[in-house]
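Order-wise, the sequence lines are chains R and A. By my numbering, the letter at position 172 of the first sequence is numbered 174, and the numbering carries on one by one without gaps. By my numbering, the letter at position 62 of the second sequence is numbered 68, and the numbering carries on one by one without gaps.
Hints are computed from structural coordinates only; laboratory data are not their basis. Don't be surprised by glycine CBs; every beta carbon is placed ideally from N, CA and C. Hints are not guaranteed to be accurate.
[What the hints assert, rightly or not] Covered, in the sense of this in silico footprint (three residues per stretch, anywhere, with C-beta under 8 Å from a C-beta of chain A), are these stretches of chain R:
1. 185 to 191
2. 199 to 209
[What the hints assert, rightly or not] Think about it this way: if two alpha-carbon atoms lie no more than 20 Å apart in a straight line, the pair counts; the simulated SDA-like pairs of lysine to any residue are:
3. R:Lys133 x A:Glu24
4. R:Lys66 x A:Arg53
5. R:Lys152 x R:Asn135
6. R:Lys152 x R:Ala139
7. R:Lys175 x R:Glu235
8. R:Lys44 x R:Lys66
9. R:Lys224 x A:Ala33
10. R:Lys224 x A:Asp20
11. R:Lys224 x A:Leu18
12. R:Lys152 x A:Glu19
13. R:Lys175 x A:His85
14. R:Lys133 x A:Pro41
15. A:Lys11 x A:Gly40
16. R:Lys175 x A:Lys63
17. R:Lys224 x A:Leu17
18. R:Lys152 x A:Pro30
19. R:Lys251 x R:Glu193
20. R:Lys253 x R:Gln122
21. R:Lys152 x R:Ser170
22. R:Lys253 x R:Ser191
23. R:Lys224 x A:Lys11
24. R:Lys66 x A:Leu38
25. R:Lys224 x A:Leu38
26. R:Lys22 x R:His37
27. R:Lys224 x A:Asn29
28. R:Lys152 x R:Ser26
29. R:Lys66 x R:Lys152
30. R:Lys224 x R:Asn213
31. R:Lys253 x A:His37
32. R:Lys66 x A:Glu24
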Amino acid sequence: MQIALAGLRPEKVHRAQGVKLTVSGNAGEWRLKDHSSDVSRKLSTDGDLIYHLTDRIVFHIADKAEEQHCLHAAAVAHDGVAILIPANSGAGKSSLTTWLVANGFDYITDELILMGQAEQIDGLGRPIQIKANGIEAISGLLREPDAVLKGSLANAVPISSLGGSVASSAENKAGMILFPQYRLGIGFSFEQLSGAEAGMMLMANHVNARNLEGHGFRAMMKLIRNTPCYRLEYGGFNSLPENFAASLKEKISSK
Amino acid sequence: MTTYKPNPNCLLEDMDGELLLYNPESAVTLHLNGPSMIVWQLCDGERTDQQIIEMVKEAYPQQAEQISGDVATVLADLHSQGALETVA
Numbered sequence: 003m004q005i006a007l008a009g010l011r012p013e014k015v016h017r018a019q020g021v022k023l024t025v026s027g028n029a030g031e032w033r034l035k036d037h038s039s040d041v042s043r044k045l046s047t048d049g050d051l052i053y054h055l056t057d058r059i060v061f062h063i064a065d066k067a068e069e070q071h072c073l074h075a076a077a078v079a080h081d082g083v084a085i086l087i088p089a090n091s092g093a094g095k096s097s098l099t100t101w102l103v104a105n106g107f108d109y110i111t112d113e114l115i116l117m118g119q120a121e122q123i124d125g126l127g128r129p130i131q132i133k134a135n136g137i138e139a140i141s142g143l144l145r146e147p148d149a150v151l152k153g154s155l156a157n158a159v160p161i162s163s164l165g166g167s168v169a170s171s172a173e174n175k176a177g178m179i180l181f182p183q184y185r186l187g188i189g190f191s192f193e194q195l196s197g198a199e200a201g202m203m204l205m206a207n208h209v210n211a212r213n214l215e216g217h218g219f220r221a222m223m224k225l226i227r228n229t230p231c232y233r234l235e236y237g238g239f240n241s242l243p244e245n246f247a248a249s250l251k252e253k254i255s256s257k
Numbered sequence: 007m008t009t010y011k012p013n014p015n016c017l018l019e020d021m022d023g024e025l026l027l028y029n030p031e032s033a034v035t036l037h038l039n040g041p042s043m044i045v046w047q048l049c050d051g052e053r054t055d056q057q058i059i060e061m062v063k064e065a066y067p068q069q070a071e072q073i074s075g076d077v078a079t080v081l082a083d084l085h086s087q088g089a090l091e092t093v094a
């Protein structure tokens, strides 16, 4: 439980007030109950417990947040300046986040960004969730492979197992929005997007629009005008240029 | 003939010369550029679809043959997405 919740600031969980989740049992026989829907799950691995528990927390925060923009996106930071990585499931968001953390970026989240009115960036800092069949792809990044908590659906990768660190600030500035697309075997491409292209893609990943005035549309377009947006296509970590992490840090350092 | 006007509930943003239109009723974002942007801008609640077609033909005489169909398609798309309303 400590690993699951270590990166979650208590006030974020508090925002999902009125929701009760309970975990009972012991290793190998966990039971997770979401009292809001009266649904219980039996979970046989620590990885699956962390996956389902943090998934429920993500869902309830996004469902109830009325003062912050919730984006289905990962985020990392360097010197307090964040790279936002919005993407649908399967686009390589978590794998790319793992690579960035292993290459010196501070971890914010792999799933849910919380953005305040002043565009300050924070997120739900659960262990990075790597799908069960994706662990091999990141194995070369792990300094402590034994620290990964295995699951049948997803593996929970603690930030410490990558030799990385969690961003200390809850108020990172947005320095770049990066839309990733992983497809096995394709080469590397990195191109700047127009504001309209980025706007379309960002709104598709805004998950609590209905809770916000004007569905958050104006705020998202303002964010895009203030932040350079790129599309990254890559076919694996080997296809990323050797200096890619350094060039990203350089690009956001002027913010 | 049909006359169209913008859905007043839609939100519009000019992003460096291209338009993004957000429909809060459907939570759909539309990217208007090129022909779709021109057609959208001509839908003022006064002009009919035939008048819009003629205006676009005058602006692009070399493509006059295909313009009727293209404009009709854009109008139908924008209407089906809730971005345009018909005027009674």
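| query | Taking only the CA atoms, is the gap from R:Lys133 to A:Glu24 under or equal to 20 Å? | reply | violated, 38 Å
Exercise. Can the restraint linking R:Lys224 and A:Leu17 be considered satisfied, given a maximum Cα separation of 20 Å?
Worked result: holds, 13 Å
Original post:
Does R:Ser26 lie within 20 Å of R:Lys152 when you go C-alpha to C-alpha?
Top reply: The given pair, whose Cα atoms are some 19 Å apart, holds under the 20 Å limit.
Exercise. Regarding the pair R:Lys224 and A:Leu38, is the alpha-carbon distance no greater than 20 Å?
Worked result: This hinted pair holds, its Cα atoms lying about 18 Å apart.
- Message: Given the hinted pair R:Lys66 and A:Leu38, is their Cα-Cα distance within 20 Å?
- Response: Given that 20 Å is the threshold and the Cα spacing comes to 32 Å, the pair is violated.
* Regarding the pair R:Lys175 and A:Lys63, is the alpha-carbon distance no greater than 20 Å? -> violated, 48 Å
_Can you confirm whether the C-alpha distance between R:Lys175 and A:His85 stays at or below 20 Å?_
violated, 39 Å
Check whether the Cα positions of R:Lys251 and R:Glu193 lie no farther apart than 20 Å. Judged against 20 Å, a Cα distance of about 16 Å means the pair holds.
Please work out if R:Lys253 and R:Ser191 have their alpha carbons no farther apart than 20 Å.
-> It holds: about 16 Å lies between the C-alpha atoms, which stays within 20 Å.
**Request:** Verify the proposed pairing of R:Lys224 with A:Lys11, using a straight-line Cα cut of 20 Å.
**Result:** violated, 26 Å
- R:Lys224 and A:Leu18: Cα distance at most 20 Å? holds, 13 Å
Would the pair R:Lys224 and R:Asn213 pass a check requiring their Cα atoms to be no farther apart than 20 Å? Satisfied, since the Cα-Cα distance of roughly 18 Å is no more than 20 Å.
Hint violations for this structure: numbers 1, 3, 4, 7, 8, 12, 13, 14, 16, 18, 21, 23, 24, 29, 31 and 32, all remaining hints satisfied.
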